[in-house]
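Engineer: The letter at position 167 of the sequence shown is residue 167 when you use this note's numbering, and the numbering goes up by one with no holes.
Honestly, the hints are just simulated from the structure, not real lab data. Watch out, some of these pointers could steer you wrong.
As the list claims (entries may be wrong) - Capping the alpha-carbon separation at 20 Å, the derived lysine to any residue pairs in SDA-like fashion look like this: (1) Lys128 - Thr20; (2) Lys102 - Tyr34; (3) Lys102 - Asp112; (4) Lys128 - Gly74; (5) Lys102 - Val80; (6) Lys128 - Val76.
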Amino acid sequence: FWQADLDEAVRDLVAIVRETRPQVVVTYDSNGGYGHPDHIQAHRVTVAAFDAAADTSYSPELGEPWQASKLYFGAVPRSVLQMGIDLLREAGDSSGFFGVEKAEDLPFGVPDEDVTTEIDASGHLEAKVAAMRAHKTQIAVDGPFFALSNNIGQRAFGIEHYTLGRGERGPGSGPHGWEDDLFAGV
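Take the sequences, apply the hints, and build the full model.
Structural biologist: Next comes the structure, spelled out in structure tokens:
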């Protein structure tokens, strides 16, 4: 997907947005989560389509313009990354997480203060882990992160975090004041 023509991909997504009229759109952050080129391209396409779908002058033949209320980017707070690094070490993984000891040394992860939303996704954990296992060429699903006995992957995958890229932030809750619903305030 990273080699897809940007304008063509944006046009295709604008058609879908105008047809389905979503209130909220979610995509990867500008780093594609962890630098994956397909995910970076997905971010570019989605951000451009989010804006173009509302533009009355952009391809009117694709349908009535539509402005979604919010655009979110998936995020992993540095505190969550650090927790994972620490738990792996406690579980006996001496290599650590990507060979680092501190979350700040990773090329991904967001400062906690940039996170706007935290969603409890624990009810979907089994499906999420199955999806990751289907991408075994991209992630080691037989390593300590996904070991059922240490519960590290389950903790990390049970909660999803986002940053708000466009739109108005809804009311927050909890110790960080983060939204707990992507539709908060919509």
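Engineer: For each hint, tell me whether it holds in the structure or not.
Structural biologist: Verification of the hints:
At most 20 Å may separate the alpha-carbon atoms for a hinted pair to count; lysine 128 and threonine 20 exceed this at roughly 25 Å. Among the hinted pairs, lysine 102 with tyrosine 34 is consistent with the structure: their alpha-carbon atoms are about 16 Å apart, no more than 20 Å. A threshold of 20 Å between alpha carbons decides the hint, and for lysine 102 with aspartate 112 the separation of about 14 Å falls inside it, so the pair holds. Restraint check for lysine 128 and glycine 74: the C-alpha separation of about 14 Å stays at or below 20 Å, so the hint holds.
For a cut-off of 20 Å, the pair hint linking lysine 102 to valine 80 stands: about 11 Å separates their Cα positions. Taking the CA atoms of lysine 128 and valine 76, the gap is near 16 Å; set against the 20 Å cutoff, the hint holds.
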